[in-house]
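Now that you have both chains on their own, put them together as the hints suggest.
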Amino acid sequence: MKTMKRLTMTLAAMALCASAAAAQSVVRMGTEGAYPPYNFINDKGEVDGFERELGDTLCQSAGLTCTWVTNDWDSIIPNLVSGNYDTIIAGMSITRERSKVIGFTQNYLPPALSAYAAASGDVDLAAAVIAAQTGTIQASHVAETGAMLLEFATGDEAVAAVRNGEADAVLGDKDFLAPIVTESGGELVWVGQDIALGDGIGIGVRKSDDRLRTTLDAAIAAMKQDGSLNAMITRWFGPDAPTF
Amino acid sequence: MFAFCADPATLAGAPWLACYLTTGKHMLFYGAFLMVLGLLAITAPLALVFGFGGAMASRSSVAPLRWLGQAYIAMVRGVPDIVFFLFVPIALDQGLEWLRHQILCPDWTDPIRQGRDFVVCAAAKLPQSSAPAWVHSAYGFATAVFAFAVVFGAFAGNVLVGAMHAVPRAQLETAEAYGMTPRQVFARILVPQMWIYALPGLSNLWMILIKATPLLFLLGIPDIVYWARDLGGAKTSAFSYPHPDWRLWYFLALLVFYLGMTKVSETLLGRLTARLSYGQATAAGEALRKAAA
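Sequence order for the protein chains is A and B. Position one of the first sequence corresponds to residue 1 (our numbering), numbered consecutively onward. Position one of the second sequence corresponds to residue 1001 (our numbering), numbered consecutively onward.
Hints in this document: simulated from the structure, not taken from any laboratory. Even for Gly, the Cβ is constructed at its ideal location relative to N, Cα and C. Any given hint could turn out to be false.
To be verified - Quick look at which bits of chain A chain B covers, simulated, 3 or more residues with Cβ under 8 Å: (1) 72-81; (2) 105-111; (3) 132-139; (4) 185-195; (5) 204-217; (6) 223-231.
Looking at chain B on its own, in the form it has when it is part of the complex (with noise of 0.2 Å):
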């Protein structure tokens, strides 16, 4: 990076620490807290949207949808993570090859299944082989927000049910009262009091998710506990930068951000519960009504 690394044996001391921390390597490990970051962004709200389909799903009068919806709920919960996390993705990957070689490839015979091997024609490969390395890796990042969606959307789905049970039986035999349909029930004042009860569990996954992304290299995603642990291991001199083992420095580092996480999501969280509370016959609501009266 700079012009002094040239050679970094040459090196002691602050310059060496500064070509050491600018290196090729380091800057994938700064670009995989980004990425980390951007898979939370992503995922959360995705996970949300399948939890509230499962819950709605599970809650419905439709005998077959309620099946569906508490089956998904049910195994995803009862699956181990990283048997999904393994699962998950493969499944996925195969599937949309299966699909794309069946239109792409007609007159292909092989079989596809050839013992334990999956092989499709060129043609049907996704990304294809000859795509270059980003597509490979946005394309790996796809999987597992899907992966992660999925499996954070069963334990968000438990918990809107629960919320959509919490609220006050009286507040909805009043909407009815006023003659709303039940739709207009659900949409006006079910769902828009049911986050108050749903906070603290939801709270809880995505504190759950933000520590949860080393699952990310088992789908061949570098992420920062992987980078911190390949840096931070003993460099012999086959590295232009040797070094004992420091994961101790990494590892603390990684320490600094997700308490830096923790610190940032709980204070966003608890604006949120005070936003929420508002109006709510809540404990937290009738506090929040006494100090403003």
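Next up, chain A with everything else stripped away, as it sits in the complex (with noise of 0.2 Å):
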């Protein structure tokens, strides 16, 4: 009882600690941390990838203190709207669907190529079994397509389910399964068409938190005039990624 007292009393002089610091503004950056080269966890224990580059560097250019969150898939829309973190910089794409819940900056990234990966190259994509990350653009276009959708927390389940046979192919971003492929050693291959979907990926913010969103948007733009988005592009996702 009396460590329970202890705890509670440290908690309310934290809080009261909280409430004393002055009240700068530090903009949260939210992220899944589990879709490299987008954005992953390193060896270190830290947020790192192509938007870890780009958020501190949008942040530099725009005078913002920024801090990095991790946040799981699934519920990191709803943490945003609540007000845990300020923006969502997770290789989301902006599609119709969400842009009704929350606001999202211009494109950083083109529409990106989806991409089917398989063990063997003669599976039928129509009536195969596809896995995809849940909640993703991709997972949407499976289940329009008509083939057998199995849906995984994470893009790094969904490629495991293909090489332990659960799924005949995973329908993924070209860029985040490209390394996969390349690594596989001939075990997953390419099928099929890439596909382009969505509108581009933007970083998501509060729909009401305008003035975030457009200092975030003066910073992107300013970063495509100068090209110095596309070598950034280049430098995380290759020669052949699409730019601006």
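Below, the structure written as structure tokens:
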């Protein structure tokens, strides 16, 4: 009981300290941390990847102080709306459904190509079992094609489902699948045509947070203008990746 | 960690593994074990307090208090855990921020609810967005503990109500015959004797609580299952230590941990059962009495 009391007091003291600290504006950047090379937790345990570098650059040029937060993909939008962080920068494609709930900046990646990867080249995609990460544009695309959809919490698990035969193919962002297919040593191959889904990838913000959206929008526009965004895309996704 | 880990690409065999297992990310994984143990150590007693309160309230002779206790137990037991874990922390967080907003920002004119957005002034944010990461983690941890305590408290409450009813009426009647007040009967006879009847149900809850920690990641707290999945997942050369799908090994490590926890818990609960059976009017108590005689 005594420890409980001490804990409650510590928590109360913490809450007081927190309110005493100057309420300076820190932008909390929310990401998934499980989608290399877009965003992932590196071996040091820090958020890393294309979006980390992009986010830090944007914050610097817009004069914002930013910190990074990881959140489960499933609850990433509810936690943004509830104010636990201020942006979603997690390879999230701009779609009409999502735009009803949150606001998006202009895209910082052009409409990404999605591709099917399978264990063998002769998969009939129309009648196959296709794995995809849940709540992604790829998952809704598979649902529309009429193929059997298997959803997984992370992209990595969707790929693993193909490896162990649970699914015939996986549909995902080509930039996410490319290093996996290349390094699989022939175990995974591309099948079918690449498809362009969505309106590109943008930063999600609360609809009420227009000021942050405008600030980030201007910073992205400036990076598009001076070509530094294209250079960054090429560095992370290779020379074949579509640029602006 | 070690000096020879500077360039992981040149390593192989045991040195590679030694470096791999001591990366910053693995340290977070090991830390998550402590976090889970800490969560259990704080949540279990707190849930018992919630349960005891709920049980007392639902047996109260004051009708509104009784309704409150019964509503708490029935509602939480009836709603799926996962809904509660999404609802309680967000509702708690928004409730606290709303209160602070009313106190700290009386001049604020914008609505707090804008469509789906929940917007309070920066000073009312809990924790402050400028607060260091550990404050955010501690706050998330505290809301998680509260959510777990609410959910498991309701189940514990029901177990305790059952245990209170199971204490032989003759015991209470004897106490009354000695002239004890209802309060004294409750504190001196009923509560000390009910634990042996509550223990099987409570030990079930404890075992379920041990395994319920992966729900933590819903609240943004990386627990051991999250790290095992993340670390075990296939790693391309974007990482310093690329490897194929090793989730099997990580989950095996978790299996050992959970089985170890089960073994320790069963041993301790067995001892506790023997201790509480002493002198009780139950079969186990009778067996103890005969063995001593």
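Evaluation of the provided hints:
1. 72-81: holds (count 6)
2. 105-111: Coverage by chain B is violated here, the residue count being 0 at a Cβ distance below 8 Å.
3. 132-139: Not satisfied, violated; 0 residues make the cut.
4. 185-195: Coverage by chain B is violated for the region 185-195 of chain A (0 residues, Cβ < 8 Å).
5. 204-217: Three-residue rule met by the region 204-217 of chain A, so holds; n is 4.
6. 223-231: violated (count 0)
When each numbered hint is compared with the structure, violations occur for hints 2, 3, 4 and 6.
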